[in-house]
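Participant: Those protein sequences? They're chains A and B, same order as listed. For the first sequence, my numbering assigns the number 5 to the initial residue and increments by one for each residue that follows. For the second sequence, my numbering assigns the number 103 to the initial residue and increments by one for each residue that follows.
Take the hints with a grain of salt, since some may be wrong.
[Stated by the list, open to error] Chain A regions said to be covered by chain B (calculated; three or more residues, Cβ under 8 Å): (1) 31-38; (2) 99-110; (3) 463-472.
[What the hints assert, rightly or not] Derived contacts from chain A toward chain B, CB cut-off under 10 Å, selection only: (4) S14; (5) A79; (6) I80.
Derived from the structure by calculation, the hints contain no laboratory data. Quantities reported herein were computed from a predicted structural model and do not represent experimental measurements. We put the beta carbon where it would ideally sit given N, CA and C, even for glycine.
Residues per chain are reported as follows:
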Amino acid sequence: MKIDRRSFLSLSIGATAGVTLSPLPWKLTDDLSIWTQNWPWTPVPPDGATTYENSSCALCPGGCGITVRKVGDRAIKIEGTDGHPVNDGGICMLGLSGLQLLYGPTRVKTPLKRVGKRGEGKWKKISWDQAIAEVASTLGDLRSDGKPWAAGCVSGSDKGITPNLFKRFLTAYGSPNFMAMPSMADSYSLAMRMMQGQETMPGFDFENADFILSFGSGILDGWGSPARMFKANSQWVKTGGKVVQIEPRLSNTAAKAYKWLPVKPGTETALALGIAHVIIKSNLYNRDFISGSTAGFNAFKKRVIEQYSPAKVAEITGIDDPSKIERVAKEFAKAKRPIAICGKGQGDVTGGLYDFMAVHALNALVGNINKSGGVLAFETDSYINWPEPGKDSVAASGLRKRRIDGAGTGKYPHARGLLNRLAGQIVKDEKYPLEVLFVSGANPLYSMPDTNSLKKAFDKVSTIVSFSSYMDETAMYADIILPNHMYLERYDDAPIPPGMGKPVVGLVKPVVKPQFDTMHSGDALIRLANEMGGSMKAAFPWEDYERCIKETFGEHWETLENEGFWVDSNVSSGGGKFATDSGKFEFYAENINALPIYKQAKIENSHSYPLALVSYDSIRLAHNYIGDPPFAMKTVESTVLKGNDLFVEVNPTTAKTYGLSNGARATLSTPVGSARVRVNFSEGIMPNVIAMPKGLGHTAFDMYLAGKGVNFNELIVPIEDPASGFDAAWGIMAKLAKA
Amino acid sequence: MGEIEGKNKEEVSEKPVGESENAHPVEGDAAVSCECDEKDKPGAKGFGILFFIVGLAVSLVFGWIVFPKLLYSKKHQPIDFNHALHVETVDESCESCHFFREDGSFSGIPTLAQCVDCHEEVQGEDPNEAIFVEEYVAKEKEVDWLVYSRQPDCVFFPHVAHVKKAGIDCAECHGHIGESTHSKVYEQNRISGYSRDIWGKNIGGFKKNTWDRMKMDDCAECHKKETDKQSSVQTKRDACFVCHK
């Protein structure tokens, strides 16, 4: 017997036949297919009894009620709370994605101290005791030097209990420098103070209104409480309510509106005054309201009649036919319950005071104020009634110092905070250094205009203390991080949402145990104050934050705990009475001796920068403190972001002038920066205007967000509104070149 | 190799393509050499069959006996559980521990909280009982039970539709587990990670009882018989998404 090639052949044929006749190949195929359909590394929610916890969303000021489905202590899904007065079961995609922020990789898990260079990302884990002791000692030193005013705070908001605790902390410490991130509420509040004598963000009874004249407000793009606005819009569709959208770009809001009036960016105020002209000239204004409840109407009338004829306004705004302005004005005035609103996009840029006054004047012309289906005014933070903190001599002297941002004094006596001026002031005013800066619920190094200048200014601040729950751009640049619980792990109040038609206050509740070694910022402040002792300690008499919030709400706490929200029934909307000195609605703002006016922005160097760059807000892109979570990033269209490339919207006629084809790579330059972008042809953007989304171009956060696209804020600069000091920039001049 | 390839090329290029005798010159060569072998050594064919049989036998043994042993790892339950004893003691048989929640979802394997109702303290003399109370009840630690019947996560399986609506008895799918006095060994598939009970103890997939295996075909068998919905137009049976996510 000789074993040859043929034997092996026989053996292998036999083996093959045997294997085929055995279950092996079929079983392996089956197992592999099960494996590939159930990758073991894909997370699967745990199995078990389901429970639901009600809370409020704190990812934007919208204040939606949320219901979190849980199995054990694991949160599985966030849904909108049925029957909640803000959102009644609705929820936006950011709210839905909240669990990715809770369990995602961007959390700061423990107090951290910087060991490398600033922004290098080298940290040392420290204990809470050490963290509190170190910050307290830095603050103590500054106080013993008699410079308590050299401490400051940037807060995500100036409303609600936690921001007010930060403010209180600074007051007791002796610093006037509490600054909140800018929002339309700043300008609206000031316009309301000038015209109605009440410094508050107005509420709008959209649910009962029938005509909305929106000056760039992204009703379907995240303005106000997004879920509420979507529901209100659906209702208008059913009942025949109309939306007229005024903005240079065909946003989702414009696309779904009854009418879209594209105007040149920054000329909305002229259009508002032009509409006022038509209403007054056609005698369509509400005579009873004007004669009985307003002051300064004649001066206003004179100005708009003389200066804002439809023909002239058409020329300013780029509207091709003045009769369009007349038609819109008449439709607005003839509607039963018309409302004019402003606050661009999602309402987190301030805008000029006159812009807001001009738009709000339209509400007065039709007399739809303090009425169902109209504009209402509520007192925000009505439940925060803490006694003034006691101030020792150091605090008292510190508080006499003017604010570093110049708000409340000199040129800008009416503003409460001007964060937009901070970068410039730190660099300009060497006699007013900022030594310690707290940052809470905000990411200014990403979301303030001209972020690069702000970063340079932050270089001059000796100690930056971040209270962020996430490793965002500002936390990355901090010296010490005292991480807050994220919103699903903590108690907080959800103050009345901007534009809400009822004074609804929600309760943010812990729905899961804190996942990491984090601490509520309120507790961190109480501990810091205790560590510092004296009048600081006395200013924070609460044992912990939970006691503080319970005592603050007092008798309403039970309602909040049980219902999740509380509607303040004591707030009256004023009727025909106003809180101004005259007791009337004032067209003419006595405080600033002025009427609403449109002033064309001075454009220098328009030869080198012939285009206008504007931003747009998308409900798919969070662009403030919160970094867009992966679920939401997944929904960003490939005409906005492809890989890491950002697309800007350009009208084909403009693009052709510069020899750019659809999808072409281009360099977008502004006087302060430039970026590589790609061109997306869009008929929905006015010629000579370039539109770029906000919310991209992060350097921090996870792989799904960092390094994708361009940050609009790096390409723009704030422009001071002469009347208020707020940032009035609507964009910036720019140029586009083939890359 | 290069040489043979070269030769092929030459031959192919010499003869027009399509002439069958030269279309596979290498094969032709082999055939010629084989014929010579056979002529020289009669009985070589018999050896070939022998090798074939050996190959067949070895691979059959491997495929049917060795392979299943390699494919599954054996694991023991953290605690040896006596179903028979429990069924005897409790009032409502299976449903005492495996019940439907108010929302219709099925509780499945009991959690520690349920066990504690009776097992707060050690009962009887079984060492497993002592371990359970000391290691789990006292430490409030959930028992990581190995679930023989866990289906892959790509399918939905509501117990309520099968038990309450279709009236299927527990044993129809789970067998007479309630009568067992010890927990059997849990055989885990090394590839898919699921229990052997899904495919069935018989590696060939043959079954005698309805509960012997619980693959898709077994679900489909019943679904075809019992449901008249036929939600799929194509297959005239229940559509994929009835079970598959």
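Participant: Take the hints in turn and mark each one as holding or not.
Facilitator: Now the hints, each set against the structure:
no. : hint    : result
1   : 31-38   : holds (count 6)
2   : 99-110  : violated (count 0)
3   : 463-472 : violated (count 0)
4   : S14     : 4 Å, holds
5   : A79     : 17 Å, violated
6   : I80     : 13 Å, violated
Against the hints set out earlier in the document, violations occur for numbers 2, 3, 5, 6.
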